[in-house]
Amino acid sequence: MTTVPRYHVAIVGAGPSGFYAAEALLRSDKNIAVDLFERLPVPYGLVRFGVAPDHAKLKQVTAVFERIAQMPGFRFVGGVEIGVDIGIDDLRRSYHAVILATGAALGREMGLTGENLPGTHQASDFVGWYNGHPDYRDLTFDFGGERAVVIGHGNVALDVARILVKTPDELRHTDIAGHALEALAESRIREVHLVGRGGPDGTRFSAKELQEFGTLGNCDPGVEMGDLAIDPFVPPQGVDPERKIAIGLLDAFSRRAWEKSRRCLFRFHLAPVGFEGHERVNRAVFRWSAQGEGLEQDVGIDTNLVFLSVGRRSAPVADVPYDAGRGVHANAGGRIGVEGEEVPGLYVCGWSKRGPQGTIGTNRACALDTVEKLLADLGSLPSPPSTAADSVVSSIWQRQGLRLDFEAWRAIDLAEVARGRVLGKPREKFVSVEAMIAAAKGKDIAC
Amino acid sequence: MPYVVTDHCTGCRYTECVTVCPVECFHIDDDMTYIDPDNCIDCGGCVPACPVGAIQPSYLLSPDQQKWIEINRRRSAETPVVTMRLTPLAGADERKRALGL
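In order, the protein sequence lines correspond to chains E and W. Residue 108 in our numbering is what sits at position 106 of the first sequence, and the numbering runs on without skipping anything. Residue 945 in our numbering is what sits at position 18 of the second sequence, and the numbering runs on without skipping anything.
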């Protein structure tokens, strides 16, 4: 930026919605500087830690984020947890406005009996583990049984099932974390049940991700026809084209024979009731009900590995109002607070605004919408001292003893790509914050 | 497996797709939008966003629709990127109704 910025905005969370909010602010004609804060030394949020390792093309979106990071006025400040290292009110005092883009880091509990038995996991924990997130790298999963159960009919459930049934050779050249590749290579799982409450017309699978199950090297998709009524694959009137394709794919899966060594079985009309077992789960119990016929019966599936993929919620941030019902920061269209009583200068975008829905690009539209509101308010927000934002950032860097900025991330990035090259992987991620910091300093240490 | 814009867009051009594209890979001319197949990351986010179902993955195109793969490639190279939603073309809503949507 050639001129001194007129406004300073802080964004909390360097995932897609944080980057898109930064882009929208920097593209405006208001002469705004943006500091993008991130808890970890590495950016990109769920593109790095959520998108499945075998979806490499989707990860190419980071090229867009790299371009945003080059825009004048942009600063990445990694290794800082807002609400812990710095209070939200301290940030608000130092910036004209603050946008929370903290995502939906927590899995939703279902409140079922036995939900906390060992062997029952949140899908998001497994996803963080195979993607090398430092918070989840020490988790262990028992792949010694023959059957796993994934509860939920959304795309995360598909990711979890796919990673469980793919062969080591199908995963070896992805950026899957080394510890996950090693553990999954020893897996004895032959069958994954993908269980949902609704019928084939009620899933939230995207057609493209469902279609992949027809092309797996060592796994056949199937449908448990015993769960279903007659003619279950007739799309209801007025159903959208995407759903129609998904129903058609399930229909095709239902007619496939189980010939390969693994199978992914889609199950329907089963509402989870609880989990049985003494020291660990050995059975998941569901209630099957025939739609409109009043028939009900309990169905048990023997398993010692269960993943719950029934939604996520945002982690509350200290001093920020929280909407426990929706699992997001309480907001009225992106302004934090309730309608008519918004907190001045505090905004939210992405999954922590509207919940975990949509694709990466949905967050672009969402961030633009929030930024439009911020820009409309900007003139009426109190001005902090002009050097306040710089003071915040320089005191963080002083405390860290180094700058965990975008240049530091580039050093980490290069080191990860170099580690990956020798293994035939696009990158081998550092899975601890210490190793990330060491790489940022130019020292690649073992992790 | 790139996504392609097909003939349902012609005469409508709602551009809802543009707002949800994470990589700004939509291009535009006077008639419709086109997807740059080299930039598209196959997220599929634009498919449900289109009010007239004009966007499809290439593997689902019927034989008579296959031509749109090449048309999207060629026209996206010849036309500018569109980064924001525009007003739909005049008559878009009538055309949508005529398509039975």
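Do not rely on the hints blindly, as some may be mistaken.
Here are the simulated EDC-like cross-link-like pairs (lysine to aspartate or glutamate), alpha carbons at most 20 Å apart as the crow flies [to be verified]: (1) 61/E - 969/W; (2) 994/W - 1020/W; (3) 32/E - 392/E; (4) 375/E - 415/E; (5) 61/E - 956/W; (6) 61/E - 1005/W; (7) 262/E - 226/E; (8) 59/E - 31/E; (9) 1023/W - 963/W; (10) 59/E - 957/W; (11) 61/E - 172/E; (12) 262/E - 321/E; (13) 59/E - 956/W; (14) 994/W - 1021/W; (15) 59/E - 969/W; (16) 61/E - 934/W; (17) 59/E - 193/E; (18) 32/E - 242/E; (19) 262/E - 193/E; (20) 994/W - 934/W; (21) 246/E - 214/E; (22) 994/W - 956/W; (23) 375/E - 137/E; (24) 1023/W - 1005/W; (25) 994/W - 958/W; (26) 32/E - 415/E; (27) 61/E - 214/E; (28) 59/E - 963/W; (29) 1023/W - 415/E; (30) 1023/W - 409/E.
I should point out that these hints are in silico values taken from the structure, not numbers from a laboratory. No experiment lies behind these values; they were computed from the predicted model shown.
Quick check: which numbered hints come out false for this structure? Numbers 2, 4, 5, 6, 8, 9, 10, 12, 13, 14, 16, 17, 18, 23, 24, 26, 29 and 30, in rising order.
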